[in-house]
Each structure stands twice: as structure tokens, then as C-alpha cells.
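Undergrad: Residues per chain are reported as follows:
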Amino acid sequence: MFNFVSFIPRAVGQGIPLLFGSTGETLTEKSGNLNLGIPGIMYVGAMSGVIGAFLYEQSLKASGAPMNTAAAIFIPLICSIVGSLLMGLLYCFLTVTLRANQNVTGLAMTTFGVGFGNFFGGSLIKLTGSDVPSVALSSTSARFSKMLPGVDKLGAFGKIFLSYGFLAYTAIVIAFVTAYILAHTRVGLHLRAVGENPATADSAGINVSKYKYLSTCIGSVIAGMGGLYYVMDFTSGVWSNDGFGDRGWLAIALVIFTIWRPNISVFASILFGGLYILYLYIPTGTNLAVKELYKMLPYVVTIVVLIVISMRDKKENQPPASLGLPYFREER
Amino acid sequence: MDKDANVAVSMQHITKNFGPVAANDDVSLDIRRGEILSLLGENGSGKTTLMNMLAGIYFPDGGQILVNGKEAVIRSPRDAFDLGIGMIHQHYMLVDVMTAAENIILGLKNEGKLDMKAAAARITGICSRYGFDLDPNQKIYDMSVSQKQTVEIVKVLYRNADILILDEPTAVLTPQETEKLFGVLRNMKKDNKAIVIITHKLHEVEEISDRVAILRHGKFAGMLTTKDTNAQEMTNMMVGHAVQLNIRRPDPVNARPRIKVEGLTVRSSDGLIKLDDVSFTANSGEILGVAGISGSGQKELLEAIAGLQPAEKGSISYINDSGETEELLGKDPLTISNMGVALSFVPEDRLGMGLVGSMDLVDNMMLRSFRRGSSILTDRKFPHNVAEKVVDELEVSTPGLSTPVRRLSGGNVQKVLVGREIASAPSVLLAAYAVRGLDINSSYTIYDLINQQKERGVAVIYVGEDLDVLLELSDRILVLCEGKVSGILDGRTAEKNEVGLLMTSLGGEDADE
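Which chain is which? The protein sequence lines are A and B, in order.
Read in order, the letters of the first sequence are residues 0 to 331 in numbering that gives the first Met the number 0.
Read in order, the letters of the second sequence are residues 0 to 512 in numbering that gives the first Met the number 0.
Since the hints were derived computationally from the structure, they do not count as laboratory data.
Among the clues, some could well be false.
[To be verified] Under the rule of at most 25 Å between Cα atoms (straight-line distance), these lysine-lysine pairs were calculated in the PhoX-like manner:
1. B:Lys259 x B:Lys226
2. B:Lys179 x B:Lys189
3. B:Lys312 x B:Lys259
4. B:Lys116 x A:Lys314
5. B:Lys226 x A:Lys313
6. B:Lys226 x B:Lys188
7. B:Lys483 x A:Lys314
8. B:Lys380 x B:Lys330
9. B:Lys218 x B:Lys483
10. B:Lys138 x A:Lys314
11. A:Lys313 x B:Lys189
12. B:Lys312 x B:Lys483
13. A:Lys209 x B:Lys226
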């Protein structure tokens, strides 16, 4: 029998980093910036948090003081936000101010971000001198993944809905708030106009560069928190190089899958998370190749959705019209 | 200057230069409330530039603008809005995936919370007041061109504009839609708004406007009261007196029909008729000039002959030297160009058709010759020679053959384009706006080139903007008006006014008076 009570929490755990990533990327893309640096930014977000937590834990070890819960949460969180923010600023500076090609810039930033994560990951592993190639931050992680008291007494309901750390709920709240802002506020209207037709937005008196900078930087911070959640909560504070894998790309696929709607992403990310680990729950025998085929499912589903969307040809479901294009104010 | 209290805007001694070209030179005019003013002039006479200075797109180099009697400095579209000036450009500024209401309120800041219902209610109010037909919740991509125009006008009214400028508003409308628009404009006039429409269609001027201001070559040519004037007087003022240009016009030698067009009808992709039952013959060794207001079907005509534009009805036959006839319609562009039909079309941006800006001269020559030879590799020697020849003979000033075409000045780009088409030794040369934006010297080089081709026995079809040049260069002039042939005149005897009238009115009945 398929074990939903064990499957769903794991699917959610896999889905939350994707939800952070796709919400951040959706917000970014709505301004017309196609930030392919998201996978790298999620690495940087994770590693910045790990560095903060590592230094805090080391200083505690040196002084012998007890761990302060607020500091254990806020130090990694703020480090992660600053790391991702710098990446977002760099991307904006290159593509908005200097009008560099967005695809090239994004890919370079992904390469950089993954390298950044693995380089400092390797350094920290050396510093700890541990036998396994990973850094364990279990006491910090315990704070991040702490669930509400008494949840374990609530049985299946508690396990499915309430057994997650605070960052998981934060992701869902951010996704819904972003969806609301995009659809129902003046700021959202202006942001969408910038992504669709920056010349029109400009002539209506909207500051195109400001909107592009803000949405891309905030989007980067949100995506970076996905990396932080992954290492602090999902893997219980264990960083191992390349451990985050290709989840960043999956988050970008999710943006397309959800047709640029963070509220749909709340459910779609869990679906993706589920598809990502489905192979563990379906008897596949000893044949490893079959497992790999199952891991392909999220991408196959994205391609199918892309085909269906393009066949239905509904304008609202298309990417922002000027996605990936730099904006030059026409001057004579 | 009229010190009338009704004067909404007074433009005084306005001058605007683009580089060495004076787009507007010492232009003064008043715009009054409760009145529709037509701004009339040929293409390139500076009408749009003048109004763009009111709308905040350009800033005047000289002169001053008074709005409601006070001197105004308009540096951006926002400044213009603040003064109550709104301009509806030919190119609409709308976001496709948003609704009419969302587009209308876009960019408005100080209205607190986003309340689409209140916005829609106000839009409906404006619509019923002036007689617009508009659903605030309709998406722009579902709209016809005329509905999009309505959104643009309502957008301006929503921002409380009381001075409205419309740049060639009827260019894209059907006659019925034009009637509706004029109805709305009359309602706005009754509401004491000041309205300016930029146009070059005389019958519209007569139908809608109270006064008409005429510009010629950037200068103010006069202000007339519509009911006291007539088409003849307006044409005279718009066209002015012929500038003396002496272009060689050798007599056609051994002219024989080369291209015969019969009943050609072309419809654009949005269903508008672009060419309507066009018939004519182009002879070898002769220049057939095509005159017409821009957008009267010139581009479609040349493209149909070159095989780039599918036709709904009619036929285009090519008659070779031995008198055999072949149908061109339905053939692909490659076959047609192999038959010796060369097209050189110079669009507004000059690089849009025919040349690739980031490629160098040799590569651009190769765009015509890359199929030559049988080797798997392209032959670079031949285009290199062609490029050398073009640069040499046409005195193209370029640092070298490997310079990207984009870096050359406009005149040189055009020489490269026309030179390449001529180098392919065509039997039919289609040239459109070949001297667009060129200085006198370069223009004459191009005219010379065209004349040389004519003497070689090529049938030249030349689409031009400048009537004076067409009259001096062409052996015969075909006049297009709204996609129809309104007359074919002899270039040696035709009068400028006659051509001008044919351009703006069908059948030429006014010219016979």
C-alpha cells in the first residue's frame, strides 16, 4: 500500500526549496528579467547561511556559552539574505544598468554561485577536519526545523500539515502574498507593465529600472531562502558539496509549469517534490536505470505543460512579452 | 498674435533641428478651445515633430510655448499631462495582455488603493459623455485597431487632458470607423476641448476642421479657415513652388512593355485592402515614377512584383526581350529575382530591408550571391569584387570593406543597397525611397545611377516621396491614392498640382475643373 503519511511530508520537504526558487524567479521574470542565475543564487543563499551558522557555532564552542535561539536563526538568515541580495544586485547591475545579455549573465552567475558554494563548503569541511565530506550544523538546524509543540500527538493530520519548520510556512505565505501583489495592487500592475512593454510603462511615468532592480533583488532573496531551507531544515543542517543538485533548474521549470503564478506554485512545488522522490516509493526492483527514469518525471511534466500552453495559445499564459530583452529608452 | 481668450496653446517662433536638418523653422501657431485644427503638410514637413514638442517627446531648440497664456516648459510626457496636453501617437502605447481599464490607469500614482471598479465606472462615464464604444474589461489583444485607438483617447481624457493632439488618426481606420471617430471629436469640440489632428488627407480636413495650418518643409506656410478655402488652395500651399532641380531625363529608347500588371488586388494580413484593382504597364528603357501619400500601397505594389506579397486577384506578367510572357504571381521571390527583377526598398530605418547591419560590405553583397558556384564553400571573391566596385563607383565613404554596414552614414548605406541591386544587372529595377534622408549630392548620384540603368534598357519603377524629383526624373507617373490608381500622367507634361490633387482624391475629377 502506498504510504501517504510518510510520502507527503517528504514531498513537501522536497517542494519547499522549489517553491522559494519559483516564487523568486516569477517575481523577477514579471519585470522582464530572465534570471538564469537562480540555481547559483540558491547555492549562495545556502552557503552564506551555512558560513554564518558555522562561525556562530564555532564561537560558541570556543566560549562555551549556550546557544541563543534568536541568534541561531537570525545570523544564518541574515547572512543568506545578504548573500543572495548581492547576487541579485550584481545581476541587475550587469543586465539593467550595463544592458549585458541576460542569458549569458545568468548562466555565468549560476556557474559562479555553484562554485562559490562548493569552494567554501570544501573550506569548511577542511576546517572541521571531519572524516565525512560534509559540515554538520545540527544544533542550528534543530532551531530551524523545530515544529509546533504537541504536533506529534495529532497523528496523521499533524504529520501531513504541521510537521515542518517555520521556513516552510514562510515560503507558502510569501508565495500567496506575491501572487496577491502581482494580481491586485498598483505596484503589481506597474511591475507587469514593465515586463510586458517597458516602453509603454516608461511613457506612463513608471521608473522601469527601479522596478527591475527591486523585483530582481527581492526575487533573489526569496530564492536564496530556498537554499537556506534546504540545508538547515531538509538535510538537518548537513552541507555536502553539490548536495543541492539541480533543484534550481527545477525551480525555473516550475515557473513555466505554473504559468507565472506563485499561488499555483504552492501546490505545483509539492507535486514536483513528490515526482522527484516518487522512485523511492514505487517498487522499482534493483534496476537503477528505472529510478533515473522516474527522476525525469518533473521535467517531462514541464515539457507537456509547455506544449499544452502553447497549443491553447492564451495570451495571459505566455511569458512576459519582453522577457529577456534589455530596455533602451528610445532617443533621437 | 491673436489675444483671444479661447487660445489654449500658443506656439511662437518654434525651431527644432535634427543635426543639420531643420525639422521646424520659426513656426508660430495658435490652438483654440472649442475648435478642431488640422495640421496639414507633406511627409517630412515637420507636422509630427511640431506636435511632439507639445507632448514632451522633443524639446524645442528655439521659440516659446504658451499654455493658457503662461509660458510652459515641457520636458517629458508627464509635464505635458500636467498641463492638460495629451497626444495620441500613430504607434499605440498599450500593454497587450492587460484590459482597457488597466492600461488607462497605468502609471497613475496618487490614487491610493487600486480600485478597478471605480476606474471602470469613471471610464464608462467618459465613454458615454463623448460617445465612445468601449468595454473597460476587454483585453487589448482582443481589440481592433480602432478600439485600441479609443483606449488611447480615453487614456488621455482620463488624465483630464483638454488639449488633444491626434497624429494621423485615420491612417489605419476604415471609412466607417473614421466617421465614428469624427463624431466623437465633434462631441469633444462641443465640450470646449482644443483638438489638433495631423493629416495629409484633404477631404478629412474639409470635413472635420475649423481651421487648417499648413507646414511646408518645416516652415509655416499659412493658416486658413476651412470654410473659406478649397482643396486647390490648400494643395498649392502644401506643395509650394517647385524647387529648381535639374535631373537628366534622356528620352526612352526602344521602349517595350516589360511588366504588365492587371487588376492587382492585395489585402494586408489584418484584412485591409492595400491595392485595389491596380493595372499598368512598365516599359523597358523607361522610368515609371510612383507617386502617392505614404501607405497608399506603394510598398505592397513593389513587394507583389518581387513575389514577397501574395495577391488576392489579378496578374503580373513579365515580358522578356523576345516577347514571351510569363506570370510572376505565385512564383517565389528567388525565381523572380533570377528572372532579373531586383528590389531595393529603403524603409524609414534604412536597414530594415535588404541589408544586415552587423555584417560588413562583402557579406552584405554575398546575401545576393551566396548561391553562386558549385563548391560547398561560399565564393567570397565575387562579392568582394562587387563590394569594391560599388565603393569605388559610388564613392561610398567607408573605412574598409570589412566595416559593419551599421556604422556607415545613412547615405552610404543607401548607396550600398542600391549599388548591390544594380550590380546584379537586373532587367527590372524596383526602387523605393532610394534618396530618403540623403543630401543633395548623394541624391544626384542615385538619380544618375537610375538613369544609367534606364539607358541600359532596364524597366525602372521608382517610388518617391519628393514630387519635384518624380516630375523631373520619371517618363511616366503613376499616382496611387488609397490603393487605387488615380491616374497615369506623362512626366514631361504633368503639373505638380495635378499630381498633388490626384494623390489626395480619387479619379482626379478635381483636377479637371
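Undergrad: Next, verify each hint and record whether it holds.
TA: Taking the hints in turn, this is what the structure says about them:
1. For the hint pairing Lys259 (chain B) with Lys226 (chain B), the CA-to-CA distance comes to about 43 Å; that exceeds 25 Å, so the pair is violated.
2. Taking the CA atoms of Lys179 (chain B) and Lys189 (chain B), the gap is near 16 Å; set against the 25 Å cutoff, the hint holds.
3. This hinted pair checks out: Lys312 (chain B) and Lys259 (chain B) have alpha carbons roughly 14 Å apart, not beyond 25 Å.
4. Between Lys116 (chain B) and Lys314 (chain A), the direct Cα distance comes to roughly 23 Å. Compliance with the 25 Å bound is thereby established for this hinted pair.
5. For the proposed pair Lys226 (chain B) and Lys313 (chain A), the alpha carbon gap of about 51 Å is over 25 Å, so the pair is violated.
6. Our distance criterion of 25 Å between C-alpha atoms is met by Lys226 (chain B) and Lys188 (chain B), whose separation comes to about 17 Å.
7. Proximity of Lys483 (chain B) to Lys314 (chain A) is assessed by CA-CA distance (about 37 Å); at most 25 Å being required, the pair is judged violated.
8. A distance of roughly 30 Å separates the Cα atoms of Lys380 (chain B) and Lys330 (chain B); the hinted pair therefore is violated under the 25 Å criterion.
9. Between Lys218 (chain B) and Lys483 (chain B) the CA atoms are separated by roughly 31 Å; this puts the pair beyond 25 Å, and the hint is violated.
10. Distance hint between Lys138 (chain B) and Lys314 (chain A) is fulfilled; the C-alpha atoms sit about 10 Å from each other, no more than 25 Å.
11. Restraint check: the Cα-Cα separation between Lys313 (chain A) and Lys189 (chain B) comes to about 42 Å, which exceeds 25 Å; the hinted pair is violated.
12. Between the alpha carbons of Lys312 (chain B) and Lys483 (chain B) the distance comes to roughly 14 Å, so the proposed pair stays at or under 25 Å and holds.
13. With a C-alpha separation of about 52 Å, the suggested pairing of Lys209 (chain A) with Lys226 (chain B) is violated against the 25 Å cut-off.
Checked against the numbered hints given earlier, the structure breaks hints 1, 5, 7, 8, 9, 11, 13 and satisfies all the rest.
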